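Asker: If you want the building blocks of each chain, they are given just below.
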Amino acid sequence: MIPLSQEGLADWAGPILSGAVTTLQIAFAAYAIGLALGLVGAAARLSPWAPVRALATAYSTAVRAVPELLLIILLYYAGSQALTGLINALGLPGQVEISGFVTAVGVLAFVQGAYMTEVFRGAILAIPKGQLEAADAYGFSPLARFRYITLPAMMPNALPGMSNLWLILIKDTALISVIGFSELFFTIQQAAASTRAYFLFYAAAGVLYLLMTLTSSALFARLERYVRRGQPIVSTQEA
Amino acid sequence: MDFSWLSDPFYQEYLLEGLINTLWLLLVSAVFGFTLAVAMALVRIKGPRPLAWLAQGITVVMRGTPLLVQLFFFYYGVGRLLEGVPGIKESMFWGILRDPFFYATLTFTLSVGAYTGEVLRGALLSVPPGEREAGRAFGLSGFQVFTRLWLPRAIQLCLPTLTGELILLLKSVPLVSTIAMMDLLQAANIIRDETFLTYEPLIMIAGLYLLLTVILTAGLRQVELNFPGMQPQRRTGGFFRKAANSVQH
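Those protein sequence lines, which keep their order, are chains A and B. Going by the UniProt record's numbering, the residue at position 21 of the first sequence is 21; the numbering climbs one at a time, nothing skipped. Going by the UniProt record's numbering, the residue at position 79 of the second sequence is 79; the numbering climbs one at a time, nothing skipped.
Bear in mind the hints are in silico, worked out from the structure with no lab data behind them. Please read all numbers here as calculations on a predicted model, not as lab measurements. Glycine included, C-beta positions come from ideal geometry on N, C-alpha and C. It cannot be assumed that every hint is accurate.
A few chain A residues that face chain B, going by a derived Cβ cut-off under 10 Å, partial list only [stated by the list, open to error]:
#1 Leu71
#2 Leu74
#3 Gln81
#4 Leu151
#5 Pro160
#6 Leu210
#7 Met212
#8 Tyr226
#9 Val227
#10 Gln231
Here are the computed lysine to any residue pairs in the SDA-like style, where the Cα-Cα straight-line distance is at most 25 Å [stated by the list, open to error]:
#11 Lys171(B) with Pro160(A)
#12 Lys171(B) with Ile179(A)
#13 Lys171(B) with Lys46(B)
#14 Lys171(B) with Val119(B)
#15 Lys46(B) with Pro152(B)
#16 Lys171(B) with Asn88(A)
#17 Lys46(B) with Thr103(A)
#18 Lys89(B) with Ala218(A)
#19 Lys129(A) with Thr213(A)
#20 Lys171(B) with Arg222(A)
#21 Lys46(B) with Met182(B)
#22 Lys89(B) with Glu118(A)
#23 Lys171(B) with Gly161(A)
#24 Lys171(B) with Leu167(A)
#25 Lys46(B) with Tyr77(A)
#26 Lys46(B) with Gln156(B)
#27 Lys171(B) with Met182(B)
#28 Lys171(B) with Lys129(A)
#29 Lys171(B) with Tyr77(A)
#30 Lys46(B) with Ile179(A)
With the C-beta cut set under 10 Å, the calculated list includes, among others, these residues of chain A facing chain B [as the list claims (entries may be wrong)]:
#31 Trp49
#32 Tyr209
#33 Thr213
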């Protein structure tokens with residue numbers, strides 16, 4: 001038998017690094033959209049209209065009760081078909097092909113949005129009511145009230161949850177490999193299968209993800225100090 | 001939407017096997033994982049330095065990397081290495097070491113140990129030291145103080161978080177379909193391959209998971225309400241109203 005090629009970590013470093021970049025791009029895009037979805041979702045959950053509230057509650061409850069992997073597979077297959085159906089219903093012929101990147105971002109953002117909805121809802125509810133009433137009393141428009149009162153007041157409450165969700169998101173990007181899109185973990189799987197150095201490459205994957213999550217944790221800790229500026233220090237023991 | 005395959009006894013058998021494996025894996029990993037979590041939390045508070053560092057290292061790595069990567073690492077990485085150990089295929093352990101269930105349990109146990117250990121550590125530290133001192137003053141041994149006083153009080157403090165971790169564990173189970181274990185998702189994938197139906201089996205499984213989550217949440221809510229020492233006013237209220245509330249948390 002001819003021995004298999006003797007490729008090693010060095011031969012795969014390039015593809016793996018570009019996979020890592022793709023993973024970060026997916027994560028950033030999904031996080032940004034997830035934040036927007038979460039804000040809309042939280043606003044809807046706190047809305048005075050019952051149907052809007054029910055819709056938002058159904059979204060966040062159902063998505064959070066179903067495993068992420070299952071949702072990713074389901075939405076991956078359902079997403080393009082649903083869009084094709086929509087386009088055909090509008091009288092336009094043809095088939096919609098969504099790129100793997102867009103699908104990955106869309107699916108992860110959809111899941112992220114449901115969790116973010118709950119984080120923002122809790123953070124907004126924790127703002128003392130008088131502060132919002134004061135804004136109304138001073139004649140703030142709803143948008144100005146959100147920008148100058150709600151947003152800065154809720155950030156310290158929301159940030160731990162947001163940081164948690166970012167870490168979960170980075171780890172969830174690995175699930176995208178299951179639908180065959182070439183991000184970090186998919187590249188790692190190819191490398192491991194090609195070189196047969198399974199232990200080495202999966203350990204390397206672990207190190208890369210660990211680097212991303214540890215760096216993120218450090219950055220979020222700084223960000224939390226920033227949004228808490230001006231707040232009294234509650235406990236010095238944790239610092 | 002075509003759900004006619006549901007009446008096929010073959011597919012029913014797949015689904016049942018998948019369901020049983022899913023619940024069995026959940027139970028085994030929860031029990032082992034919680035035991036490991038107690039050990040890791042205790043070692044990190046009271047243990048000798050090297051052991052505390054080891055526990056902290058495991059915690060950082062398990063919490064900082066994707067569960068899917070961990071599963072692949074143990075099943076394909078460690079599994080392949082073990083395959084190369086001379087004589088291991090003839091040993092009595094090979095049956096276990098070949099089984100994806102073993103690696104799934106190992107990975108989930110370490111993962112639960114890391115996440116829950118961190119929660120428990122915080123809870124153990126927030127039990128007022130006076131309570132432990134009172135236990136000692138009443139003549140309990142150090143071990144008794146831990147098993148009868150310190151640990152139960154800590155569990156009481158973090159019970160909602162612990163039940164939340166169990167729900168998260170349930171939702172991690174479908175990952176094992178990627179290492180060829182027959183869970184619900186794997187059953188759905190087999191049915192999809194054989195019937196050429198893209199969504200229906202997945203939707204069915206998603207519905208089943210929704211149901212499992214609701215049942216588990218309601219059941220755990222009852223455990224929380226009936227846990228010794230919980231405030232009596234939290235016991236009031238109808239069962240279904242409470243269950244519905246806790247899903248939204």
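Asker: Verify the proposed pairing of Lys171(B) with Lys46(B), using a straight-line Cα cut of 25 Å.
Answerer: Since the Cα atoms of Lys171(B) and Lys46(B) sit roughly 33 Å apart, the hinted pair is violated (cutoff 25 Å).
Asker: Does Asn88(A) sit within 25 Å of Lys171(B), going by the straight-line distance between their CA atoms?
Answerer: This hinted pair is violated, its Cα atoms lying about 35 Å apart.
Asker: Is the interface hint satisfied for Tyr226(A)? The criterion is a beta-carbon contact with chain B at less than 10 Å.
Answerer: Since the shortest Cβ distance to chain B is 23 Å, the answer is violated.
Asker: Given a cut of 10 Å on the nearest C-beta pair, is the interface hint for Tyr209(A) held or broken against chain B?
Answerer: This hint holds: Tyr209(A) lies near chain B, its Cβ roughly 4 Å from the closest one there, short of 10 Å.
Asker: Would the hint on Val227(A) be counted as holding, given a Cβ-Cβ threshold of 10 Å to chain B?
Answerer: Since the shortest Cβ distance to chain B is 23 Å, the answer is violated.
Asker: For the pair supplied as a hint, Lys171(B) and Val119(B), confirm whether the alpha-carbon distance does not exceed 25 Å.
Answerer: Holds - the C-alpha atoms of Val119(B) and Lys171(B) are around 19 Å apart, at most 25 Å.
Asker: Would the stated hint for Gln231(A) survive a check requiring a Cβ distance to chain B of less than 10 Å?
Answerer: Where the cut-off is 10 Å and the nearest Cβ of chain B is about 22 Å from Gln231(A), the hint is violated.
Asker: What's the verdict on Lys129(A) and Thr213(A), does the C-alpha distance respect the 25 Å limit or exceed it?
Answerer: violated, 35 Å
Asker: Has the given pair, Lys171(B) with Pro160(A), been kept, meaning a C-alpha gap of at most 25 Å?
Answerer: holds, 22 Å
Asker: Quick check on Gln81(A) please, does its C-beta sit within 10 Å of some C-beta on chain B?
Answerer: Holds, because the Cβ-Cβ distance from Gln81(A) to chain B comes to roughly 8 Å (cut-off 10 Å).
Asker: Would the pair Lys171(B) and Met182(B) pass a check requiring their Cα atoms to be no farther apart than 25 Å?
Answerer: holds, 15 Å
Asker: Under the criterion of a CB-CB separation shorter than 10 Å, is Pro160(A) in contact with chain B as hinted?
Answerer: violated, 13 Å
Figure legend: structure checked against the earlier numbered hints; hints not met, in rising order: 4, 5, 8, 9, 10, 13, 16, 17, 18, 19, 20, 21, 22, 25, 28, 30 and 31.
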